[in-house]
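S.K.: One-letter residues, chain by chain:
Protein chains: 2
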Amino acid sequence: MERVRLAAREQPGRTERDTDMRGFLPLALVVGVLAAVSVAAGGPAAAPNGITPIHGYQDWKVIAPSYRPDKDHIRLIYGNDVAARAMESGTRPFPDGTVLVKVAWSTRKNPSFPAAVEPGKFAQVEFMIKDGKKYAATGGWGFARFLGPELKPYGDAPTFVQECFGCHLPVKDNDFVFTSLARSPR
Amino acid sequence: MERVRLAAREQPGRTERDTDMRGFLPLALVVGVLAAVSVAAGGPAAAPNGITPIHGYQDWKVIAPSYRPDKDHIRLIYGNDVAARAMESGTRPFPDGTVLVKVAWSTRKNPSFPAAVEPGKFAQVEFMIKDGKKYAATGGWGFARFLGPELKPYGDAPTFVQECFGCHLPVKDNDFVFTSLARSPR
Chain A
5 MERVRLAARE
15 QPGRTERDTD
25 MRGFLPLALV
35 VGVLAAVSVA
45 AGGPAAAPNG
55 ITPIHGYQDW
65 KVIAPSYRPD
75 KDHIRLIYGN
85 DVAARAMESG
95 TRPFPDGTVL
105 VKVAWSTRKN
115 PSFPAAVEPG
125 KFAQVEFMIK
135 DGKKYAATGG
145 WGFARFLGPE
155 LKPYGDAPTF
165 VQECFGCHLP
175 VKDNDFVFTS
185 LARSPR
Chain B
5 MERVRLAARE
15 QPGRTERDTD
25 MRGFLPLALV
35 VGVLAAVSVA
45 AGGPAAAPNG
55 ITPIHGYQDW
65 KVIAPSYRPD
75 KDHIRLIYGN
85 DVAARAMESG
95 TRPFPDGTVL
105 VKVAWSTRKN
115 PSFPAAVEPG
125 KFAQVEFMIK
135 DGKKYAATGG
145 WGFARFLGPE
155 LKPYGDAPTF
165 VQECFGCHLP
175 VKDNDFVFTS
185 LARSPR
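Each protein sequence line maps, in turn, to chains A and B. Take the first sequence: its position 39, counted from the start at 1, is 43 in my numbering, and no numbers get skipped. Take the second sequence: its position 69, counted from the start at 1, is 73 in my numbering, and no numbers get skipped.
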């Protein structure tokens with residue numbers, strides 16, 4: 005997937021200012037073709053900013069559940085060890101190496117107990133990866149979203165992260181993170 | 005807490021049939037006094053069936069989230085390693101040693117993103133402990149519920165478990181467990 009990231013962000017001979025529409029279409033095609041080749045080769049498809057799905061987060065600690073009636077989603081927010089420690093201690097900004105994972109399922113009523121709303125079909129997984137230098141343009145966070153069981157990358161171009169970042173701006177004072185640790189008596 | 009359990013369930017000179025109201029009040033007083041002494045001594049109060057709160061489950065795997073609009077609760081169901089393996093493999097009945105923990109918070113809207121419903125105040129924690137011999141009368145499961153940050157035991161007498169068990173009867177075919185594993189692509 006490194007090839008995809010290079011193609012999208014560090015194409016030789018281009019500068020950051022060279023983002024007019026003449027250059028956009030060929031660049032998008034290159035990214036698309038490389039992503040398709042990657043999928044055909046059996047690897048997971050990368051988001052347009054080069055981030056690929058992280059595996060094994062199901063064994064990480066859960067920071068909190070959430071429910072989104074507007075999306076009909078029920079969610080779990082996992083954190084790696086760096087994230088879990090920062091959540092526990094309240095450390096802000098989150099250290100480089102923090103990874104947060106938000107998994108969403110469509111909801112269903114428990115077949116034997118309809119009052120309980122529980123996970124139905126897997127809907128999407130989103131990642132926030134903290135690297136202050138690499139992702140300086142978006143608050144130090146690398147964003148990615150993958151849709152459905154096939155983990156289809158969300159977004160058509162690297163600029164898709166502006167949508168993610170824009171939504172997270174209201175929680176700038178919490179280092180752009182909405183989730184807080186769901187505490188229960190220890 | 006062993007003393008409490010003995011007082012409630014194995015009081016010398018009493019048989020299981022000797023449960024008329026003449027005996028109930030003094031027995032309840034003994035249980036109450038012993039529980040109060042235990043709390044004053046710093047230990048957690050036991051449920052009327054002798055089960056005390058389990059600590060450290062926050063480090064266990066999460067089996068699933070759930071949402072209960074009727075109770076205004078958002079919940080996490082944790083499982084110990086035995087539970088997590090049985091959930092993953094679909095093993096039923098659950099092996100002795102299985103522990104499931106259901107933590108409930110009242111809900112709140114995220115202050116910066118009201119569309120998201122998230123945990124507010126801690127409401128209660130419930131335990132299901134599998135021991136086919138010890139809890140044979142209730143499907144092999146020991147039930148307990150503790151309310152609020154002070155973990156006040158739910159139930160006034162050991163018979164409180166009939167309420168738990170009665171509610172779980174519709175899922176007898178799933179070894180009396182409502183929760184199923186929330187799966188996401190690995």
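Derived by calculation from the structure, the hints in this document are not laboratory data. Some hints here could point you the wrong way.
All copies of an identical chain are treated as equivalent in the list; a pair is satisfied when it fits inside any one copy or across any two copies.
To be verified - Cross-link-like lysine to aspartate or glutamate pairs, in silico, EDC-like; alpha carbons within 20 angstroms at most:
1) 125 / 92
2) 156 / 63
3) 156 / 179
4) 125 / 74
5) 113 / 177
S.K.: Name the hints, by number, that the structure is in violation of.
M.R.: 2, 3
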